[in-house]
Amino acid sequence: MPFNQKPQKFNAKINTVTIGTGDKAIKLGGESVFPFYTFDGPIENAPKVGVEISDMGLENVSEGIKAYYEGCSTMGEIAKKASEMEGADFVALTLEGGDPNGEDKSVDELIAIVKEVADAIDCPLVVEGCKNAEKDGDLLAKVADALQGKNAVIMPAKEENYKAVGAAAGLAYNQIVGAESAVDINLAKQLNVITTQLGVSPEKIIMNVGTAAAGYGYEYVVSTMDRIKGAALSQDDKMLQMPIITPVSSETWGVKESVAPEADNPEWGPAEDRGISMEIMTATADLVSGSNAVILRHPQSVATISKMIKELV
Amino acid sequence: MALNGIQIFKLTPKKNCKECGSPTCMAFSMKVAQGAVDISACPYMSDEAIAQLSEATAPPMKTIKIGTGDAEYSLGGETVLYRHDKTFVSKTRYAVALCSCMDAATVDAKIAELQKVDYERIGERMYVEVIYVNYDAASGQDAYLDIVKKAAATGRTLVLNCEDVEVAKAALEICKDGKPVLNGANAANYADMSAVATAAGVVLGVKGADLNELHDTVEALEKAGNKNLIIDVTGPDLKATFANAVQIRRAAIKNEDRTFGYPSIVNTVAVAKGDRYMQQALLALFTMKYGSIVVVETLDYAEALPLYGMRQNVFTDPQKPMKVEPGIYPINGGGADDICLTTVDFALTYFVVSGELERSGVPCNLVISDAGGLSVLTAWAAGKLSSTTVADYIKANVEDKINCRKLIIPGKVAVLKGDIEAKLPGWEVIVGPAEAVQLVKFLKDLTA
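If you read the sequences in order, they're chains U and H.
Position one of the first sequence corresponds to residue 1 (this note's numbering), numbered consecutively onward.
Position one of the second sequence corresponds to residue 1 (this note's numbering), numbered consecutively onward.
One chain only, chain U, in its complex shape:
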């Protein structure tokens, strides 16, 4: 007896969110099937891959990544080179230098960098704050203002500062709000509820539901994303139908498997190889669990993940 194929059909879909403008604009979401389940129905918009750059330039990146950006001296040049990476769909600029516990760069200084980066590229832009909720409230509102007309993603809007970030990005300056919660389906939903109550349209929200590097409590990430996609599609939960964006590289390039020098554990081999593998595996697992976009750093990871997406969709 041949196989009795039973496709899993849902009468709900993930919201379609357009990021950027013009020819290079990208669309996230729109599917009504689980990730890469093309045998159940079409995946309208393939998941997208972003390249992460930092306002700190090339200070904290691996040798292989530095080599890719060789010859770039300004943030504009770095951004342009990032946008030209094979497989890149968008650029994600993180403003980690704004962290009051770190470099504590001023808002004006960071806005200048944001403008320089935005002017240098023609692909969609995601801007990530410094992770300090208070400073981000102020900083990201100004970023949203500075990027008027770019239809950029401004993140993270968290529970602590969603009013400031959400109102500026989602209402005043018509950008996309990236709502960030910490690996918990209820928190993710709650944040979407209160952000839409502010008046932000659901089609202007994408979620970062949190991630971890492989091996670091990754089971919570899997189950959170599995449950969110399950609720969005099978229960038609409108407050969980926002596409998911996952910054992978900021997690994976910090763990010891990726950064411990070869001299510490000679059998581990070069750190660069381990860092790439950690980034590729974590990104793959995020995508197959439900991420509609991942943010990566290494050119090899970007090329590999982008190729895998093309083969699967």
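No lab work stands behind these hints, which were simulated from the structure alone.
Any given hint might turn out to be false.
[Said to hold, decoys possible] Simulated coverage check for chain H against chain U, where a stretch passes if three residues somewhere in it have a Cβ under 8 angstroms from a Cβ of chain U:
#1 91-101
#2 209-219
#3 295-303
#4 314-324
#5 352-359
Backbone N, C-alpha and C fix where the C-beta goes; we use that ideal spot for every residue, glycine too.
Use these hints to put chain H onto chain U, whose structure you have.
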């Protein structure tokens, strides 16, 4: 269809003899319905009733065992598609591919290399469990048997990928005691291959051009009495392979298609030959989505470190927290004179805290005491993390090894400071930050 307890009860002798281990026939029936006990535990069931019931109460997916001794692994036996629905039970196992098309030096090098990965992570030994030995017809039988011998000598469990019945028979003569998988049945040769596998007492891998052919072949094998099977889901390309892996597992678990209720083999070499990075991605992909054995060309530390960590995470039981062993964990070369920090034994807490400590670059000792595998606040609320547990552990295990008398406690349990100091004379207790991410700055300030 699954039967409920009452339906099963009707088929029991109803004499409450307790010989099955349950107090009453009713209790026994309820356990059978939940899948906790096998129907054959009752000695008085008629054969007819057993046949009827074992069909109806059989798990949706069979558990297949491969290998022997320490190298014996259970595959399959899953009851859910998502870990949050219950738990996954059988870990994905990883295989490195050898081929008789390789020259002897390459084979030796690969065998030496795959044995290098061997380490422990949270109480679990991590290594390459399986070797996949591919038969290349052009190189002939002798070359294949040589490689099978070498691979078998490692003691690792083998998958013989060979669709030639005679060669398979010869190869099994060499390694059948190690209970390898014979991955070689297809629509044309399944009857003969099944006879070879059954005679050697090994698991048979089934291949097919598509899902229909696979379904037909498995059905034919089951009819012939062989239910010791694995399904090779590898298709002509990645998209087909992923579709096969998901649809076969989903058919078994969600749609109760018992024919597809077997574990799977995924050969990433067939769809991404020579592309190490793509194979890394596919290792992760098929760990998440339903690969029981995943085959790659290279599995070094670069692959192993993220992969085995991910597997350990995904296959933990959501109801049982992952714990690290209590002890003193020196960080950044911490020694007897360096500062101590303490937190709970919940694995996630340990990893986050130790990661931040490493980032700080400050030599220190992380003291982990038994807190029932709970997070800091939960352990405190449950009484598993208290001034007594911390003080007792330090007195018993730390004082004789560490000279430094400074202890940093998690900021969330700052309230314990006074009590710990009272119970640990001579120690200075310092309240640390509430969140691990603030540790780097905290330690730098403290030691500045």
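| said: Can you tell me if the segment 314-324 of chain H counts as covered by chain U, using C-beta to C-beta distances under 8 angstroms and a minimum of three residues? | reply: holds (count 3)
inquiry  = Between the segment 352-359 of chain H and chain U, are there enough contacts, at least three residues with CB-CB distance under 8 angstroms, for the coverage claim to hold?
reply    = holds (count 4)
**Message:** Just to make sure I understand the rule, a stretch counts as covered if three or more of its residues have a C-beta closer than 8 angstroms to a C-beta of the chain. Does the segment 91-101 of chain H meet that for chain U?
**Reply:** Coverage by chain U is violated for the segment 91-101 of chain H (0 residues, Cβ < 8 angstroms).
Fill in: Three-residue Cβ test at 8 angstroms for the coverage of the segment 295-303 of chain H by chain U
With 4 residues close enough to chain U, the hint holds.
Task: Coverage of the segment 209-219 of chain H by chain U, judged on three or more residues with CB within 8 angstroms - done: holds (count 6)
Checked against the numbered hints above, the structure breaks only hint 1 and satisfies the rest.
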